[in-house]
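Participant: Produce the complete structure using the sequences and hints provided.
From first to last, the protein sequence lines stand for chains A and B.
Each residue of the first sequence is one higher than the one before, counting from 1 in the numbering used here.
Each residue of the second sequence is one higher than the one before, counting from 1 in the numbering used here.
Since the hints were derived computationally from the structure, they do not count as laboratory data.
Since this is a predicted model, take the numbers as computed values, not measurements.
It is possible that part of the hints are untrue.
[Unchecked claim] Here are the simulated DMTMM-like cross-link-like pairs (lysine to aspartate or glutamate), alpha carbons at most 25 angstroms apart as the crow flies: (1) K84/A x D36/A; (2) K84/A x D102/B; (3) K84/A x E105/B.
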Amino acid sequence: MSGVIIVWAVTIAQIFLVGAMACALLRLARGPRAQDRVLGFDALYVAAMLLVLTIGIRTGSTIYFEAALVISLLGFVSTVALAKFLMRGEVIE
Amino acid sequence: MNPFADLPVWVALIVGFFLILGSGLTLLGAIGLVRFESFYQRVHAPTLGTTWGAGGILLASMICFSALQSRPVMHEVLIAIFIVVTTPVSLMLLVRAVLYRDRIEGSGDVPSFEPTRDASQEAQPPHGKA
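Facilitator: Rendered as structure tokens:
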């Protein structure tokens, strides 16, 4: 019983998160200016990190936690670098 | 079959509730990202996914692994703290960069540079020597 509940909840959550990633990807492809693409990328990596966490819940292994941590770290660094690039035209001055 | 078969039902219900809450809020934020009109409205929407979206899924993960391993599993707090600290920093940097770009281009929907106090003092005519 509880196995069925968790598997169905994880499946619905994964469908929602894939929908969120599709919306972020749409904004990333369509965004009128560069900042909209950066914002879409930011939402995209957050949704991807949450999707990796739900895969970890489904398989019951804690390996996926490290992958999610690495995704969130690299996503933060890349968003900051892209914002810096939009401000100055170069990343390292 | 799966490792969750011997969990109590109320734990499974709580885990499922937080999973669907978190992913549903993330989906709402992403739909807002597509549907809002201007950039300054759009920048608010994905923060729904980084506050309660990430919070709900991390809570579900913590509860699920704590029940599976029969001990408190707290390492998801690391991701939660990291997300909570880094999202305002990155979005503030992005919005300040965009505000700078809009002001340089002189578009009408953002306020222009305010004259600072030093600039107004420099603009005064210098005192002549009597």
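Participant: Next step is simple, just say for each hint if it's right about the structure.
Facilitator: Hints versus structure:
no.	hint	in the structure
1	K84/A x D36/A	holds, 15 angstroms
2	K84/A x D102/B	holds, 15 angstroms
3	K84/A x E105/B	holds, 18 angstroms
Checked against the numbered hints above, the structure breaks none of them.
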